[in-house]
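Participant: Chains as they are written, first to last, in this note's numbering: chain L, 18 to 382; chain H, 18 to 382; chain B, 18 to 382; chain W, 18 to 382.
Calculated pairs, BS3-like style, for lysine-lysine (alpha carbon to alpha carbon, straight line, at most 30 Å):
#, chain 1, residue 1, chain 2, residue 2
1, B, K296, W, K335
2, W, K335, B, K289
3, H, K335, L, K296
4, W, K296, B, K337
5, L, K296, H, K328
6, B, K337, W, K289
7, H, K292, L, K117
8, B, K379, L, K379
9, H, K335, L, K292
Everything labelled a hint here was simulated from the structure, so no lab data went into it. Bear in mind the structure is a predicted one, so any value in this text is a computation, not a measurement.
Protein chains: 4
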Amino acid sequence: MLPGSSIGQRLVLTSFGESHGRSIGAVLDGCPAGLEIDEKEIQEMLDLRKPGQNIISTQRKEGDVVEIVSGVFRGFTTGAPITMLIWNADQKSKDYENLKTKLRPGHSDYPAMMKYNQFNDHRGGGRFSGRLTATHVMGGAIARKLLKKTLGIKINSFTTQIGKIKMEKEFNEKMSKLIYKNEVRCPEEKTAKKMRESILDAKKKGDSLGGIIESISTNVPVGLGEPIFSSLESDLSKAIFSIPSVKGIEFGSGFRGSELFGSENNDLYAMKRGKIVTKTNNSGGILGGISNGMPITMRIAFKPASSIAQKQDTVDIKNKKDAILQVKGRHDPCVVPRAAPVVDSLVALTIADHALITGTIKPSL
Amino acid sequence: MLPGSSIGQRLVLTSFGESHGRSIGAVLDGCPAGLEIDEKEIQEMLDLRKPGQNIISTQRKEGDVVEIVSGVFRGFTTGAPITMLIWNADQKSKDYENLKTKLRPGHSDYPAMMKYNQFNDHRGGGRFSGRLTATHVMGGAIARKLLKKTLGIKINSFTTQIGKIKMEKEFNEKMSKLIYKNEVRCPEEKTAKKMRESILDAKKKGDSLGGIIESISTNVPVGLGEPIFSSLESDLSKAIFSIPSVKGIEFGSGFRGSELFGSENNDLYAMKRGKIVTKTNNSGGILGGISNGMPITMRIAFKPASSIAQKQDTVDIKNKKDAILQVKGRHDPCVVPRAAPVVDSLVALTIADHALITGTIKPSL
Amino acid sequence: MLPGSSIGQRLVLTSFGESHGRSIGAVLDGCPAGLEIDEKEIQEMLDLRKPGQNIISTQRKEGDVVEIVSGVFRGFTTGAPITMLIWNADQKSKDYENLKTKLRPGHSDYPAMMKYNQFNDHRGGGRFSGRLTATHVMGGAIARKLLKKTLGIKINSFTTQIGKIKMEKEFNEKMSKLIYKNEVRCPEEKTAKKMRESILDAKKKGDSLGGIIESISTNVPVGLGEPIFSSLESDLSKAIFSIPSVKGIEFGSGFRGSELFGSENNDLYAMKRGKIVTKTNNSGGILGGISNGMPITMRIAFKPASSIAQKQDTVDIKNKKDAILQVKGRHDPCVVPRAAPVVDSLVALTIADHALITGTIKPSL
Amino acid sequence: MLPGSSIGQRLVLTSFGESHGRSIGAVLDGCPAGLEIDEKEIQEMLDLRKPGQNIISTQRKEGDVVEIVSGVFRGFTTGAPITMLIWNADQKSKDYENLKTKLRPGHSDYPAMMKYNQFNDHRGGGRFSGRLTATHVMGGAIARKLLKKTLGIKINSFTTQIGKIKMEKEFNEKMSKLIYKNEVRCPEEKTAKKMRESILDAKKKGDSLGGIIESISTNVPVGLGEPIFSSLESDLSKAIFSIPSVKGIEFGSGFRGSELFGSENNDLYAMKRGKIVTKTNNSGGILGGISNGMPITMRIAFKPASSIAQKQDTVDIKNKKDAILQVKGRHDPCVVPRAAPVVDSLVALTIADHALITGTIKPSL
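Please model the entire structure based on the sequences and the hints provided.
Facilitator: Take a look at the structure:
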């Protein structure tokens, strides 16, 4: 949706804020009235996204105490837009964008400068920061609660792979409480240890790692999604690609399934306790762009973080000459663990949006 | 965009039609005035999508003669909405949807029936047919011409993998004229032969195959994409997932890149003949959601076609009992080759939309 | 909604066509499945709009036989987009737009030329023709039927004033069948005669007249309208101002009410047969932007038609010099009577849109 | 635009807040980067809207100190969303909505209760308050500055009529500085006095008055407006009807023009110092929905305020019985003077939106 700061059709999230501004926040419009919500619940989810809380990410302090400033009365949503915000700490010293003319490889610097046409247009720096994903989490926390309360939908997003280290077993519901028991948000303890080590290792080398987040939503009712162009896959992918560093998404058997035969990949129907289910779930819970009642599963590829300590060849945009860049400061060697609650949030927002579109969730609880 | 039949923000495609209707077609609104276009050019692209033109797909005759019924005057677009349509052949005999209550695995039958709430609601069958992609091609043909004429952008989408058979070499511009020289739309003759054989083989077995389409757009100007939520990756994926059978998308190094180190995946900047380029292109031409001038590359995963001749376990939705299904009729064992022009079209529509949003293309040529 | 050819949020009308194109038509997306509709019903409403059927308007023949080309199966809507079109008669002789550089006062010529930047850009002429309102009627005919069938809503739009000649009595439901009994669409026979004479008189003098259409919708349920910015008055006025020549709109007591005291203008509540009603209806059925159950009443001001036979001072845009213009051809001396079915249509489309938004009308009948 | 709290297409205002919430505010997305703006300028316009600053309106203290919390850096807009808000004073005592079951005539109570389905759903009270128009003024202040700086556009909205008392002379640019010299915002001193007296008189009687605001925008470039459905009149009226109490709008000669002959109402073109102008301006600066360069003029009808001290017949919604209501507290006997800056703001937002759509204003100053 133009101009680009909003997403959704019946449940609309508008994100605002940059590193330089006084605050970052979100307006969530279209949430039904009568949902019990308070700052504590939103804060919990925000805290899962924050860096500086473990040793594998940066020790940058972000503060991030959320305030609800509209749309909630006596602990219940009123149906009017809900505005939440976080105050940024004093930013005056962050003046480096002005001085840096060496393009940082893998970052948005170059295209943003060209698009916005100004060396010292801070919009580039401010609006592309991973910090902005906090706004998605603010709205997502409410959407998640709405889905849980009205439809019993649960969303579990977790780290399934870091670099080449993959989870060994398949996820099941019982593992959900293990996701946040470790820093990497991998519900397989043994694998989480290896992942942690590889991240620390990369950090020592001044390098970075990427990974894959898997997300599974259960109890999704049949019928969500509006073909042709607002199918569930279209809207989920549109939302997920707003997360910096995301470079790929697949649903169900995805790329792996493209190598199978139809006889191997088709999910056969069966009756199970009076309910229509499929024996396998290669469709990832979505057929023809519409949810079919099976868990909605997706895997999201994150490229390795672009800010590395090693020297890199680059160009100085001021004089158009080759140059060497060495990024200063301490940076996250791996953003994947922090993205898990962000994925949860965007999946929740998209599913809730579609549930409102179909009338599965009413405008008033 | 609700209700679901339109996509785009400045260049909007509205798709209409179903198998049962008299026609299928599209309205393209927002195309600048002064673009030279005629039915022949649109027909050429539509013909690339049609089945029945080679032996690896169904011999179903689709007719598909396109007519432009508004928006073009004396061979030039007027700036008003352009409506194009194809008349469906007489459909009266196609009455089987009424009788089929056995759910077809992998198809949209079940969720569509539940969503639209009617056994004999033909909307399900009619609006989910792959035939509907002809409407995307109608609009895409115009968008492609617009991009080529105003910005010199070229889009090449081709089959890079069928089942487990992959192209051996990397694509380069010289190979583009080879794409449509064979039925599988693979620009590597040797591999195309193997692919063709495997498809015929699957067909004999009453089975089906999936594959991967790769798409590369060159000459894309820097600066397209509107963060945060209308980034180029968000809008491209939203469009691509409207193609039936698509189950995954990745940009640049995608899922492979998620296993690399930052030092391996970052694209380093360099000057090349006075222009800023990157030495590698793992970003796929998009950084921070904005085009950076390098080719925009993506790979799209197609699941194997759901209609196979083999018997399949399923459920009869009328009496909620297990049943056996054997899909009659002749079906495409592999939809991937036919999807190449559809991918071209959706990529063109999305890039043109963003070029109009940024003002890179003016409303009047 | 950009780019400008569509209106609506859940029920979306996309209008296409110009004088020069082969056809004019509309795509109506979002209409629920299961509504019985055929070409005859749409034709009836179109015929009410056509000129050349009485002596007070132009004897231009428009043809206007509507075809439904998608979205209807066996006489029922399928829920998919409904496309309707009318083929234009051969337009090749209508080449005069190329030659006219003298600006026609009151027409869109000048701003359209400046906007679209071309003397011979036919878009101006083609897309501003009153003929385009036929597309609103196509969609409106379906919306009207939908409202009548699901909610029993009736919409009556009629000529209440031509020039200075006003209706004497207030409209009541019994008069509805008189609206189309005369050429001016005034349900008061005596007044209609005077109106007719004044129009013929103006025609003889080579001049034109304007007027006022009143529209009354009954049986509208309480609760339609989405504050703050999608209130019922906002959306109704947005739609109505798309009709060429409309220059004003008022709801309920409107401008007259602005001269009253609150004690005179407030509608007092009362119980009437167990239902909450108001004793007067100065609010025009809308309070706080939401329907309150009382009839929705509005009056719409139409300026006198701009094309008059008399000589007029003007400017020749080619050489920027003063000039004299005498518009040739026969033109409608008064467009008001023809606009009645167009007002009906736009009111129906807006109310139906809001009924779908609130869920008062379900997506499937 | 759904869900209802946002308006605009390239320049989007999202309004949030209710009486009960901690704050009311707005997010303005799409404002170009590089515009100099600060809280003081926004505060000035907000103060013009505040009650309690003169004796003809309520002595309710609203506070209303605005803070910009995002989108502005070192005094310049960054191009990212601009969020502004005002903190509400402690609202805990405002609990009366819970207790009032007698419907207030002329208010949104009844339809809002029915729409939102709850007696004690505070959304009704909170979101319909005239106080919410402060959010339109926040965004409008920025839009006004943008228009003035980039295109030299001036907008003057003033009270032209209160009850039956009308301005005697026509407005001209020199009178603009007189608008805010008196409490009623009428630039004709003599008339302003009479208006003031009639308002005080109505107040004594426990009654209220309505009126008409006229708005004139000069220096508007030719070519703004997107036919068919996003014409300038459509979008201006859509925005203006969001102001509580507005019941009518007319452009140019409006309803009066509907009584004229074409020969009287047509604006004849002429050359004036090398520029194309019209000798009269009955079109109100808009032809065919597009601006023609002449001043954009409109008149807006406000009904008399619904809250009056006199006893009124009504219904008690709890027991569906007739009742008598006497509204307590002190209320504005006339909202018209306070609405002038709100009209300014909504006109500015709409014109700026269209200027951005056409590219007349660039995304970066």
